[in-house]
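**Q** Residues per chain are reported as follows:
2 protein chains.
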Amino acid sequence: MLKWLRQLSSPKDSFTKELYPIIGFIPNNIEFYHQAFCHSSIGLQTYGNNERLEFLGDSILNSVITEYLFHKMPNKNEGVLTDIRSKIVSRKTLNTLAKKIKLDTLVQTNLGDKMPSSVYGNAFEALIAAIYLDKGAEFCKEFIIKKIIEPHFCLNELETEISSYKKHFIHWAQKNNTNYSFKLLSETGQAHNKNFEIGLFLKDENIATACAGSKKKAEEAAAKKACQALTI
Amino acid sequence: MLKWLRQLSSPKDSFTKELYPIIGFIPNNIEFYHQAFCHSSIGLQTYGNNERLEFLGDSILNSVITEYLFHKMPNKNEGVLTDIRSKIVSRKTLNTLAKKIKLDTLVQTNLGDKMPSSVYGNAFEALIAAIYLDKGAEFCKEFIIKKIIEPHFCLNELETEISSYKKHFIHWAQKNNTNYSFKLLSETGQAHNKNFEIGLFLKDENIATACAGSKKKAEEAAAKKACQALTI
Chain A
1 MLKWLRQLSS PKDSFTKELY PIIGFIPNNI EFYHQAFCHS SIGLQTYGNN
51 ERLEFLGDSI LNSVITEYLF HKMPNKNEGV LTDIRSKIVS RKTLNTLAKK
101 IKLDTLVQTN LGDKMPSSVY GNAFEALIAA IYLDKGAEFC KEFIIKKIIE
151 PHFCLNELET EISSYKKHFI HWAQKNNTNY SFKLLSETGQ AHNKNFEIGL
201 FLKDENIATA CAGSKKKAEE AAAKKACQAL TI
Chain B
1 MLKWLRQLSS PKDSFTKELY PIIGFIPNNI EFYHQAFCHS SIGLQTYGNN
51 ERLEFLGDSI LNSVITEYLF HKMPNKNEGV LTDIRSKIVS RKTLNTLAKK
101 IKLDTLVQTN LGDKMPSSVY GNAFEALIAA IYLDKGAEFC KEFIIKKIIE
151 PHFCLNELET EISSYKKHFI HWAQKNNTNY SFKLLSETGQ AHNKNFEIGL
201 FLKDENIATA CAGSKKKAEE AAAKKACQAL TI
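Chains A and B, in that order, are what the protein sequence lines are.
With the numbering used here, the residue at position 149 of the first sequence is 149, and numbering never jumps.
With the numbering used here, the residue at position 195 of the second sequence is 195, and numbering never jumps.
Calculated directly from the structure, the hints in this document are not laboratory data.
Be aware that a few hints might be false.
Claimed, not checked - With a straight-line cut-off of 25 angstroms between C-alpha atoms, the simulated DSS-like cross-links for lysine-lysine are:
#1 B:Lys-166 - A:Lys-141
#2 A:Lys-225 - A:Lys-194
#3 B:Lys-72 - A:Lys-135
#4 A:Lys-216 - B:Lys-146
#5 A:Lys-141 - B:Lys-146
#6 B:Lys-135 - A:Lys-135
#7 B:Lys-135 - A:Lys-72
#8 B:Lys-167 - B:Lys-135
#9 B:Lys-194 - B:Lys-217
#10 A:Lys-141 - B:Lys-135
Bound conformation, chain A alone:
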């Protein structure tokens, strides 16, 4: 503790100072953490970039969440558990979470304005691997449960949350033996700036229409409108 207080008082340790409020403990080996926040676009990588750590962290995160769900929801089948897990570890969720816990301020890149959000989610996974390598499996598991899952996710909400309205609509239609189809109504604009208009039909009736820059997004938007209109 004294050693760490001395480190904090040194101006050289701005990285450790910034890191502590995020992780809540004093690292044994700070090099893992430097590596975790170093994107491959950085030219001079003193400790290497975070791609291998991301590979390791992704699987550690996945297995800790899997085991957590397995024990916390003993009566749910593997389909429900898989669905909840995929909502927690989705690229979008991890990117948002990384920003929420302020990892974005620590990430080093050379991407300038062209930074995709995935850089943050990847750094988060790399941080998990850094903690695992630095403090061991049990400590890392505890960190993921106490600092990530429990404060940021509500399992009951995740269970009922609709991650894809298209899937949700199709599930409803199949359950009710109802024929449906997504039809492309129009396609306008230039190659790199297309606009797709998709109609969702129940039997022959158009129940929702939506436009977007990709067919996938327009279908999702049309399905959302249909789910809302039909209160599915």
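Put chain B on the given structure of chain A with help from the hints.
**A** Okay, now just chain B, sitting in the frame of chain A:
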């Protein structure tokens, strides 16, 4: 040990007798293992079916293999590690492995002759979860490394093994800036017994042709012929 020898001498314990040569240790709680080998098609499931265990075992297996590769191949990038891991945990590999270690004799199903091979790979994943729950994380990790990875896989061979000739061919074509295309030459047969003839063209020259029951398989076969002909 004496307790287990007594159990072995009892005719009731044919399951334990069959299980021991496969896992090489005496379980603390045999119920996990009964559950691991019970397919959902079984009507009377005394210990439940193996679907939740499979969900857990899959992620444990994945994370142990990931960590193993991370440490064993410190100079390989995450792309190479991901590729090797996917070869080890592929459905096909796990199904074959499950039969190799004779898990198939223990699996209980009600599927009769319609048994897909995936039943065995899934039971293998469920067995991993049973070991994890029964004997703990460290024991299970050791089991996966010493009884599965090291006796059954050679990392150097896996690194050079071509898992998809189509991918391998496309990679070669892109690297050499060569235009290629897979073209459907003919489609014959009835709906459930189709035969697709695919030609692989380099610029306009047909360099390989193959037939199969699906376009995907025919493309893979044509790519394999092309790779062999061009010694790629």
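**Q** Each hint needs a verdict: does it hold in this structure or not?
**A** Going down the list of hints, with the structure as the test:
no., hint, in the structure
1, B:Lys-166 - A:Lys-141, "violated (40 angstroms)"
2, A:Lys-225 - A:Lys-194, "holds (21 angstroms)"
3, B:Lys-72 - A:Lys-135, "holds (20 angstroms)"
4, A:Lys-216 - B:Lys-146, "violated (45 angstroms)"
5, A:Lys-141 - B:Lys-146, "holds (24 angstroms)"
6, B:Lys-135 - A:Lys-135, "holds (23 angstroms)"
7, B:Lys-135 - A:Lys-72, "holds (20 angstroms)"
8, B:Lys-167 - B:Lys-135, "violated (41 angstroms)"
9, B:Lys-194 - B:Lys-217, "holds (12 angstroms)"
10, A:Lys-141 - B:Lys-135, "holds (18 angstroms)"
Hint violations for this structure: numbers 1, 4 and 8, all remaining hints satisfied.
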